[in-house]
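Those protein sequences? They're chains G and P, same order as listed.
Start counting the first sequence at 1; every next residue gets the next number (this note's numbering).
Start counting the second sequence at 1001; every next residue gets the next number (this note's numbering).
Keep in mind that the hints were calculated from the coordinates and are not lab data.
Careful: at least some of the hints might be erroneous.
[Said to hold, decoys possible] If you want the footprint, here are the derived chain G segments under chain P, 3+ residues with CB under 8 Å: (1) 23–35; (2) 53–66; (3) 88–97; (4) 101–108; (5) 157–171.
Remember, predicted model here, so these are calculated numbers, not experimental data.
Quick reminder that beta carbons are idealized off the backbone N, C-alpha and C, glycines included.
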Amino acid sequence: MLYRFSAWWARCEVALAAFCAMLVTLLILVNVVTRAANSAIFWIDEAAIYTMIWMTFLAASAAVHHKSSVSVSILVDLLPRNGLSIAHFLVDLVVLAFAAMNIWFCWIWFNPTGLWASGFDVEVFQGETFNFIYAEPTNTLGIGKAWVWLIMPIFALGFCLHAISNVAHSSSGLFFSRDAGNGLS
Amino acid sequence: MTGVVFLVLLFGAVPISLVLALSAVWYIHESGNTVLYESFAQQMFSGIENYGLLAIPLFMLTGELMNEGGMTGRLVQAARVFVGGFRGGLAYINLLANMFMAAIIGSAASQIAVMSRAMVPAMEKEGYSRDFAAATTAAGGLLSPIIPPSMLFVIYGVLAQIPIGDMFLAGIIPGLLLSAAFFLIVMLVGLTQDFPKSAWMGRSDALAALRDCLPAALIPLAIVGGILFGVATPTESAAVASLVAFVIGTVVYKDLKLSRLGQLFVRTAKNSSLVIFLIATANVFGWVIIYEAIPQKLAAQITTITSDPFVFLLIVNCALFFIGMVLDGIAALILIAPILLPIAQTNYNIDPFQFGVIICLNLVLGLLTPPVGAGLYITSAMTGSKPMAIVRQLYPFLAAVALILVLLSWLPALTTVLI
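Just chain G, with the same shape it has in the complex:
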């Protein structure tokens, strides 16, 4: 169930990331055309950069589900089959540990409880926490940068979902293969 939800969410993330990749291409092409016509649109560069960043974090989260990140596996690959399963399980645990930390980093950065306590008054929040996340503007888009930074908690949550699913999946596989091994012996 959890694994299926993780797979579904990974598909959503990849679809959104692909859409962002298309948007980046279109934005830069519009930039080329408008610049050639001496009527460059000033906010396009910044919009393209943020779109690329959203694409990156969405696809990076999905990569946890697909386990497609680059790693050095020369030593681990030397292990026997059972050892390999244990090593994969340990890697999944390490990934989960980072996922949990990542949620915590986003929590202390966005500080939603502090914002709640200040009655969603950004100035009061800043005065009490010296955290200026909700006051920082984007350079040209005319929106608060917190809206753009929102990809980080979205990434953290998706990453954590996939990491939990992977641990659950590999641990069940691990115990299953051990049982199978015992049965054979």
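Following the hints, complete the assembly by docking chain P onto the known chain G.
The following block gives chain P in isolation, referenced to the frame of chain G:
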């Protein structure tokens, strides 16, 4: 202790991006500077808030469009016009087509995959040994990161904060040198082995092949010409190149199906995010490098050995060769450049463009050297040759790259004269 954590995670098969991030987390915890946790996520975000990085998905998209758009076969046919009639013609065609491809695709691994499928069966059919065909194709892939556009150059340009367009220009002469060296090797190998001789194309076939290839030739022109004449930034050139590739694939060659476009964007997003996310996590790892003053400490060690820039570059080359054997090229570049570049510039007054070309070419060698040679395994998987059999045939090519690296280290003008 951070170093131990780094090595355990790295060789424990943890994704390299997370190795960097977790080492930074450990370092912050160990140093007690925990206030950095508050800006950890922001630091990852700001690490990729860079206009130059936009070129990565755009160049990947161009490569994807080109593969789907039926341009590979036409480039091979065009190469046949120029070198097809020589003894060992297909081997030369392979290298020449690789040169064309390198001017369009920015990634060696993608190029090796595409060219292995296109060239190795044809060479084998004509009587070449499969291992030699695979080795020639894999070696041709080494041209990709040097002949512009190059993904490694984009990443290096962003890390070194130097113009990516100039970095592309710096790669032109080394790319041509490398191509010439590879042609020479094929010729010398041909003297010892009896390569099959192909026939020259007839005039009408040759003209048809050149006419078919002409639209595809617009892509490197759009990229390099746009940058060279200052009309477009590398990012914009990449976007224009992807548009040209799309139009050629759909309207001219009619091989690119619109229904496949979604899949192309999916692959572009997935592949480019692997690279860009690595840069994001390298940015938090940068804290470790800066606070620990690793470049300064390393510089103090190295300057006791030599004060000569050439000797320094030779040492760097040897070290990078071994690093490239166990680390992925892009990951190694992201990790190594911020440490070694300040030393090269400050202590040895080495031009950053020269240094960039040298480390990119050196690290890409790792693609073809075991035990972690992705390019080698891709070639092996695509052709059915055993990796070590390919490596044996690759020795002359690898030796040529080593010689070129020494030459580039000796003569900075080879990289800087066009800038």
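Those earlier numbered hints the structure runs against, lowest number first: 5
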